[in-house]
Amino acid sequence: MAEAVVRISNLSRRFGSKDALNDVSLEVPRGCVFGLVGENGAGKTTLIKHILGLLRAESGSVSIFGMNPVADPVSVLVRIGYLSEQPDLPGWMRVDEFMRYTKAFYPKWDAAYAEQLLEEFGLNPAARIKTLSKGQRAKAGLLAAQAHRPDLLLLDEPSSGLDPIVRSDILAAVIRTVAEEGRTVFFSSHLLEEIERVSDHVAMLHQGKLVLCGPLDQIKAQHRRVTLRFESPQATPPVVPGALRVTGTGREWTIVCNSAQLRQSTMAARFGAKIVEEDDASLNDIFIGHAE
Amino acid sequence: MNLRLNPSSGIPLYVQLVEQVKHAIETGSIQAGDQLPSVRKMAEDLLINPNTVAKAYQDLEREGVIELRHGSGAFVLDSIVAREKLMQKARAVLGTALDRIASLDLTEDEIRRLVENELAIRRTPKQLRKKHG
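Going down the list, the sequences are from chains S and W.
Each residue of the first sequence is one higher than the last, beginning at 1 in the working numbering.
Each residue of the second sequence is one higher than the last, beginning at 1 in the working numbering.
Keep in mind that a hint or two might mislead.
Here are the simulated lysine to any residue pairs, SDA-like style, with alpha carbons at most 25 Å apart [claimed, not checked]:
#1 W/K41 / S/P233
#2 W/K41 / S/P29
#3 S/K274 / W/S9
#4 W/K89 / W/D99
#5 S/K274 / W/K41
#6 S/K274 / W/T107
#7 W/K41 / S/F121
#8 W/K55 / S/D110
#9 W/K55 / S/E193
#10 S/K274 / W/D109
#11 W/K55 / S/A4
#12 W/K41 / S/I165
#13 W/K55 / S/K274
#14 W/K55 / S/E3
#15 W/K55 / S/P29
#16 S/K134 / S/I165
#17 W/K41 / S/L118
#18 W/K55 / S/V246
Don't read these hints as lab results, they were simulated from the structure.
Keep in mind it's a predicted model, so treat the numbers as computed, not measured.
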């Protein structure tokens, strides 16, 4: 079994009266693509800050590559490529200067690979960073994060506010990382379609708590979306104990449920309704179901 | 190959990929001996996880649709393509037949019963022995 690159145990963190993280435990296996979803303020960035060693665990523990990122920041950070949501790159630097500057921090910087990325991203090495568009800036940040071939590529909402073409480029870069053996990707996003495309594992944070964590295929298979047709139109939504979400009108109602907890056939029988459609729930269904 | 995957549908991505590769063979857009893109290239083109592509390729190999040649890549197998060509021919004839009886307004169940009957009449004793063997 692949060892865990990130191991978080019972992590909690309060800011004032707010529980930013509440007893969160998760493991990121080596070589996987781990997607973290959650609405704004759910605790995603706080979690990432713990991984980077920027926050010390108040209660619980954080282990990255088997090391404590707060006690041993250099050993941990040198193996991580990090791209934040709004990359804060030095505006006055030219792209090539920025590359030279970043290279100084990472012994494993691969100059040839960096050049290749530069070309693929279509960045002008002579351009000053402040003249770059938002998308180009994101790519410059991604270049810096990837060029030293980090063991862990850590992306915080990498596609935030970017147009679809740039988003595709970033996603392609992530996939290239994954294809190289042994490298792990951890990215947080609220763009569920992206998460669904590339993640092996998914975790969902809601108000600081981990409401879901596991292999994506398993999670999707466990959650079913069932459409029931009733004999007569229902004036109010049917009450389905344990359902994540109930929507619809009249005779047809769609229920998103965890099939481990709720058997569709039993549910249908209880209402005297017929199952007319049944699917794996989409991540969107599951997300909304847990967030409501 | 024109592949379109829908990550949000209820169908796992690797299943969609398997189905679409088979469909591409059926329609002739890929043929026997053709090489499929590498796992990595396919993943990059479709913007999905390479593990998903690998899973789909493994399934396709298991079903005898493609052959994974160590070091060379994934190749479409001959026997399947030949079979698909036969299927294409049969589909054309069947399609014409169905068009011609469309005006009779039979239900789908009735049509299926007709097809079953015709198949039953044509079953050879050898096939029957195999079935009840």
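Verification of the supplied hints:
For the suggested pair W/K41 and S/P233, the alpha carbons sit about 51 Å apart, so the restraint of at most 25 Å is broken. Restraint check for W/K41 and S/P29: the C-alpha separation of about 24 Å stays at or below 25 Å, so the hint holds. As the CA atoms of S/K274 and W/S9 are separated by approximately 22 Å, the hinted pair is consistent with the 25 Å bound. Our distance criterion of 25 Å between C-alpha atoms is met by W/K89 and W/D99, whose separation comes to about 16 Å.
In summary, the hint linking S/K274 to W/K41 is not supported, as the alpha carbons are separated by about 44 Å, beyond the 25 Å threshold. Of the supplied pair hints, the one linking S/K274 and W/T107 holds, its CA atoms being roughly 23 Å apart against a limit of 25 Å. A distance of roughly 17 Å separates the Cα atoms of W/K41 and S/F121; the hinted pair therefore holds under the 25 Å criterion. A distance of roughly 31 Å separates the Cα atoms of W/K55 and S/D110; the hinted pair therefore is violated under the 25 Å criterion.
For the hint pairing W/K55 with S/E193, the CA-to-CA distance comes to about 20 Å; that is within 25 Å, so the pair holds. A distance of roughly 21 Å separates the Cα atoms of S/K274 and W/D109; the hinted pair therefore holds under the 25 Å criterion. Annotation: proposed proximity of W/K55 to S/A4 holds, straight-line Cα distance about 22 Å (limit 25 Å). Note on W/K41 and S/I165: the hinted pairing holds, with a Cα-Cα distance of about 18 Å set against a maximum of 25 Å.
For the hint pairing W/K55 with S/K274, the CA-to-CA distance comes to about 35 Å; that exceeds 25 Å, so the pair is violated. With a C-alpha separation of about 22 Å, the suggested pair W/K55 and S/E3 falls inside the 25 Å cut-off, and the hint holds. Annotation: proposed proximity of W/K55 to S/P29 holds, straight-line Cα distance about 18 Å (limit 25 Å). Pair hint S/K134 plus S/I165 holds up; C-alpha atoms about 12 Å apart against a cutoff of 25 Å.
Pair hint W/K41 plus S/L118 holds up; C-alpha atoms about 20 Å apart against a cutoff of 25 Å. Taken as a hint, the W/K55 and S/V246 pair is broken in the structure, with Cα atoms around 34 Å apart against an allowance of 25 Å.
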